[in-house]
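**Q** Use these hints to put chain B onto chain A, whose structure you have.
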Amino acid sequence: MVFQINSNKPVEIATPTSKFKLKPNTPYYFGGWGVLKQIFDTNGIKYSMLGELEDLIPDKVFTKRKNNNDMIFNGSKILITRSGGAGDMLFFSPFIKWLHDHGCEVRLACKEQYREVLSGQPFMAAVYRLPIEYRIIKQQNGWISARGVIEAFKYNVYDMLVTHLRIPLKDEEKRPVFIPLDENEKMADQFFEKYVEKSKKVIAVQLNATANTRTWPYSIPLASLLKSHGYKVILLGSYNQITTLSQMSNMNGYLFPQLVKNDYAFSASIVKRCDLLVGPDSAMYHFAEAVGTKALVFFGPFKPENRIKYYKHVWTLSPEEKYCVHCQSHEGFCKRSNIFTNFSPCLEQISPQIAFESILHILNL
Amino acid sequence: MGPGEALIRELEKKIIEIYTRIDIIGEAITSNLDEETAMKIISRMNKVSMEKLGKTWDGRVPVKTIFRDPTGKIIKEYPAPGWKYGISD
Chain A
0 MVFQINSNKP VEIATPTSKF KLKPNTPYYF GGWGVLKQIF DTNGIKYSML
50 GELEDLIPDK VFTKRKNNND MIFNGSKILI TRSGGAGDML FFSPFIKWLH
100 DHGCEVRLAC KEQYREVLSG QPFMAAVYRL PIEYRIIKQQ NGWISARGVI
150 EAFKYNVYDM LVTHLRIPLK DEEKRPVFIP LDENEKMADQ FFEKYVEKSK
200 KVIAVQLNAT ANTRTWPYSI PLASLLKSHG YKVILLGSYN QITTLSQMSN
250 MNGYLFPQLV KNDYAFSASI VKRCDLLVGP DSAMYHFAEA VGTKALVFFG
300 PFKPENRIKY YKHVWTLSPE EKYCVHCQSH EGFCKRSNIF TNFSPCLEQI
350 SPQIAFESIL HILNL
Chain B
0 MGPGEALIRE LEKKIIEIYT RIDIIGEAIT SNLDEETAMK IISRMNKVSM
50 EKLGKTWDGR VPVKTIFRDP TGKIIKEYPA PGWKYGISD
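Protein chains in written order, with numbering that gives the first Met the number 0: chain A, 0 to 364; chain B, 0 to 88.
Note that these hints are calculated values from the structure, not bench results.
Treat each hint with caution, since some may be false.
[What the hints assert, rightly or not] Dumping the calculated DSBU-like pairs for lysine-lysine here, alpha-carbon to alpha-carbon at most 30 Å:
no. : chain 1 : residue 1 : chain 2 : residue 2
1   : B       : K75       : A       : K199
2   : A       : K20       : B       : K75
3   : A       : K18       : A       : K8
[Said to hold, decoys possible] Which stretches of chain A does chain B cover? Using the computed rule of at least three CB atoms under 8 Å from a CB of chain B, they are:
no. : segment
4   : 79-86
5   : 157-170
Every value quoted in this text rests on a predicted model; they were computed, and no experiment measured them.
From the three backbone atoms N, C-alpha and C, an ideal C-beta is built for every residue, glycine too.
So here's chain A without its partners, still in its complex pose:
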């Protein structure tokens, strides 16, 4: 939705995940309009809705055209807007690279906290934050949105995007593209030199997914089990979560790279140096796939094939397709979860022992 604030002064807005300032009487575009509208209404901020981009710039909507070849040329400016998570940015990465390789300048607008995911990538012309000024969108030759495409039922996300964008990726290209940045590589080297014994196998454990529905409950028990068997364990999680956990329980002997540098791109450089990544259906295994590190991922609400059909480094643990699995829920919490734990029952039953046994299988290959 394109909107503008009816005010003479800038207005500061705080969503649950970010803060930003909106200039007065300046049209902006924001993908997650529902959240913003609620904030405006709650705080009595007056605004005008100018319309959906599809209606305002129909000739620039890349995905609605029967033939978009006239938008793919040297110097063509394409903007992708996506208000999803870090994984979503990586789903787009092979398509952005393809457009870049075909002469386009591709820009991305996403939530502030995910800008770092593709910033600095050689195929990326720029990464903006959402909300983005409407005038920037108007300056482009084409606009790509994939609302409702990534989470489509039954189908693999890359296959869906190939159909939606009409970009003919080969099967071997339907994987995330991410090149670790030099600065992060140096810092990750220093991190490993300082904290990790060379003789030990190193396993990164992602603590949780952004949504509890996809979070595996036993990441800490598994980390303890791995540690007790002589593995070096690196815990990956949000800065707040890690600091809270490290205060509330005995976390000695684990490594927390987020406390060094709180970002995805740095974590990707860390994962690149690990023997294995273990985690939920969330962002980090896409990075692991891109940098060539093996991963073990716990799938519950989503089918593994929807995500990793073309991946080469991802092993999966998922409940068989019977009762209450693969609901594709994007709710914060599973409706069937216990109100005190909030974990999805389908993921609760994958025990740390099963995970441990599977890890041994992968490491011994």
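**A** Just chain B now, with coordinates in the frame of chain A:
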């Protein structure tokens, strides 16, 4: 029950406790409760949650867990747990 399993069970209890606390503290603080009051509520909630967790799990149907390699080939099928691994002793 071997010593390994006992350790796992203990850790599971611990982590569920931590997650529960984080959530409830968060809710309590956003509801303008002071931390001491929040902690009192949590200790009472923890007692209730132990009972509740066991009861809730009775109604669920556990299924096998499938371990697959990157080609999608099934490496192993783990039997349904019967909720053995929860904190419902």
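**Q** Decide, hint by hint, whether the structure agrees.
**A** Verification of the supplied hints:
1. With a C-alpha separation of about 27 Å, the suggested pair B/K75 and A/K199 falls inside the 30 Å cut-off, and the hint holds.
2. With a CA separation close to 53 Å, the supplied pair A/K20 and B/K75 exceeds the 30 Å bound.
3. Restraint check for A/K18 and A/K8: the C-alpha separation of about 17 Å stays at or below 30 Å, so the hint holds.
4. Coverage of the segment 79-86 of chain A by chain B is violated in this model, with 0 residues showing a Cβ closer than 8 Å to a Cβ of that chain against a need of three.
5. Counting residues of the segment 157-170 of chain A whose C-beta sits closer than 8 Å to any C-beta of chain B gives 0, which falls short of three, so the coverage hint is violated.
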